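Heads up: the sequence lines are chains P and V, in that order.
Read in order, the letters of the first sequence are residues 11 to 191 in this note's numbering.
Read in order, the letters of the second sequence are residues -8 to 477 in this note's numbering.
Derived from the structure by calculation, the hints contain no laboratory data.
Predicted model only: the values in this text are computed from it and were never measured.
A couple of the hints might just be wrong.
Computed spacing ranges between beta-carbons, pair by pair [as the list claims (entries may be wrong)]:
id	chain 1	residue 1	chain 2	residue 2	range
1	V	I449	P	R161	47 to 53 Å
2	V	L19	P	I14	25 to 31 Å
3	P	A179	V	S80	54 to 60 Å
4	V	L196	P	G68	22 to 28 Å
5	V	I278	P	V71	15 to 21 Å
6	P	A179	V	D220	36 to 42 Å
7	P	A186	V	F103	53 to 59 Å
8	V	F103	P	T41	44 to 50 Å
Which stretches of chain V does chain P cover? Using the computed rule of at least three CB atoms under 8 Å from a CB of chain P, they are [unchecked claim]:
id	segment
9	42 to 53
10	116 to 123
11	287 to 300
Note that the Cβ used here is the ideal one computed from N, Cα and C, for glycine as well.
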Amino acid sequence: MMTIQDEVGVLTLAGIAGVALVFLYVIHGATRKADAARVEARAGAIRKWFFLGLLVLGAGVTAATLAPFPIPDQQASAGTRHVVDVVGHQWGWRLPPGPIEAGIPVEFRVTSADVNHGFGLYDSSGRLLAQTQAMPGVTNRLVYTFARPGRYRVLCLEYCGLVHYGMSAEIVVSAAGGARP
Amino acid sequence: MSTRYPAGETLTRGERRALNLYLVSGLLLFILLMSFGLTMRLAQSAWIDITPNHFYQIMTAHGAGMVGTVGLASSAVMWFFLRKYVRLSLPVFVANYACFMLGAALLLGATFVGRFGGAWTFLYPLPVHSMGVWSAGAAAVFMVGYLVMGLGFLLFYLDAMRAIVRVYGNLGRALGLQWLFRGTVDPSHPATVVASTMVIIVNSLGILGGAVVLVMSLVNAYASEFVLDALFAKNLTYFFGHVFVNSSIYMAVIGVYELLPRYTGRPWSMSRPFLWAWAANTVLVLIVYPHHLLMDFAMPRWAMVIGQIASYGEGLPVFAATAYLVLTNVHRSGLRWRMPIVLIVLAIFGWSAGIVPAIIDGTISVNRVMHNTLWVPGHFHFYLLLGVLPMLLAFMYHLIGGRADEPISRGDELGLTAYLVGGLTFVGMFLAGGHASEPRRYAVHFAEWRPYDQVASIAAVLVIAAMLLFAARIARGLLRAPAELR
Ligand code: HEM
Ligand SMILES: [Cu+2]
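Please put together the full structure from these sequences, using the hints given.
Encoded structure:
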């Protein structure tokens, strides 16, 4: 299955390859001489369609990626029975020990006891699933539904000083119904 | 090819000295800071052993130093070309250099003597909350260093603003706003004046924003009952950081506009779309910074939406106008490849390609799994290392090129190959790391990430070798003072 990361990777490679092809084409023809007005007329025609294409693409992607809005409503609770209060501190995470079930939305209420941290939720293969900032004086609500039971990791995704790289914790997700994996 | 070195660009003795100071210092700093970068990659590769404490000091110096040095070198480009159209003050230009060097000394002292490791973004309250790793004094010296540097840039911009207003009446006319909707655009209105005016406006605001958060943090360091709102401080910090880095690109690109026609033999003239692009970017660059805060869910929703839409939009106007200009100007121009034009084409390629991963990351739903992974250094090293640096190098190669119109030497050819191959591999490894969800700013990497780090280390050696070669040639050329610039 393609993850978001894979899709982004493919899109990026394709985009960079496209840019590279245009440059190679222009570099290839650079040392031969043609009438400037002719080149400009042709490029002008391409430009119009290119910008129109970009505009349509941009508007389409904006609409498709902003509705529904990808960040949960911060004013209201998600209305799930799984609410997990998370506090980041230099250099560790305070998480309640309680069980988390797969298949049910989990509302993480994330804050920090000192400096900025980043609450990054990873699966056991090391893939980043979701994140939000952990900030002093602010509580950010992140809603995530674990599809499968298993062991998940929390890593810090905002630089917070000397042991930033070592600031991790584990979250155990049980199968729906509460059985441990 | 006498038009390659027009009379208006001749330097007096004093001017040449000042310019050489900027450029030679810039080259030396780039090489030093690149070796800091290599050191970090080697540590992440587990090929060398440094303490996390040292790693973060090096990271702080590399980040702050690189951002500052790019600003310094690109302001030299702006000064060099802008002084053809308006009367800039040489003492102010020199004062900017002096402030920069003093500021840089404070930054380096704070990091390596005071052990400050709060990163170039000095995100409040980390500078005053190090858990005993560095003192409030070290943080204060670091922040004062920034303020001194900022003061230099502000002086430079104020002088340029004064000079531009004297010739063009006001900043709006210098930007060409009077031609956005009607009238015939004056085809000889200089792109340099348009770009400089934009930078003066946005970067003065950016630096002021930075100064506000720096001063508030300084007060907080000594009067802890004065507490800042962390989210407000973060907004100001990223506003400053975003505007400052972008302004460097916009100053460096002036060299592209000026030099391009001299090497392709095809003049280009001011047009309405070009003015629109710069006017639009003046606004966009100021409002786009919330894309650094997309994972701060407490930000108002409208700010996030602006962050995403403006990210798509900001990439476009100036960048597209420039890429279009360069591509059409080069295509079938019958040019002969010389170092400056090769570097310009490389720079515009690096800028264009680097924008791809950057824009994609400006999408909230992508940012959720890419923010603060190595994807981020991946895209900004792409357009800084392969975009802005080549622009600066193109300018310097132009300065040292003689009337002889030398073809590219074997040494330079080797350097270009190493820089391109090394640079692409180096940024590719950051992007690959980001794809694999590796967090950025980790002093120690898990074993499964190390192969990327190791390939990146080797690639960085190539880049540094190329840079040494370029720098040696340029420094020799600058100090020898080519006859046409005397
Ligand atoms: C050979 C060239 C270079 C090497 C080897 C290098 C290496 C690095 C490394 C390893 C990092 C830290 C990555 C991490 O988060 O784990 C970094 C961060 C950074 N680099 Fe570079 N870099 C190079 C060139 C540049 C250039 C040319 C610029 C700017 C003009 C630049 C600006 C930055 C900035 C702003 C950061 C962010 C620092 C932070 O996260 O606090 N680098 N670089
Ligand atoms: Cu942390």
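Verification of the supplied hints:
no. : hint                          : verdict
1   : I449(V) / R161(P): 47 to 53 Å : violated, 35 Å
2   : L19(V) / I14(P): 25 to 31 Å   : violated, 42 Å
3   : A179(P) / S80(V): 54 to 60 Å  : holds, 57 Å
4   : L196(V) / G68(P): 22 to 28 Å  : holds, 26 Å
5   : I278(V) / V71(P): 15 to 21 Å  : holds, 19 Å
6   : A179(P) / D220(V): 36 to 42 Å : violated, 27 Å
7   : A186(P) / F103(V): 53 to 59 Å : holds, 54 Å
8   : F103(V) / T41(P): 44 to 50 Å  : holds, 49 Å
9   : 42 to 53                      : holds (count 3)
10  : 116 to 123                    : holds (count 5)
11  : 287 to 300                    : holds (count 8)
Consistency note: the structure conflicts with the earlier hints numbered 1, 2, 6.
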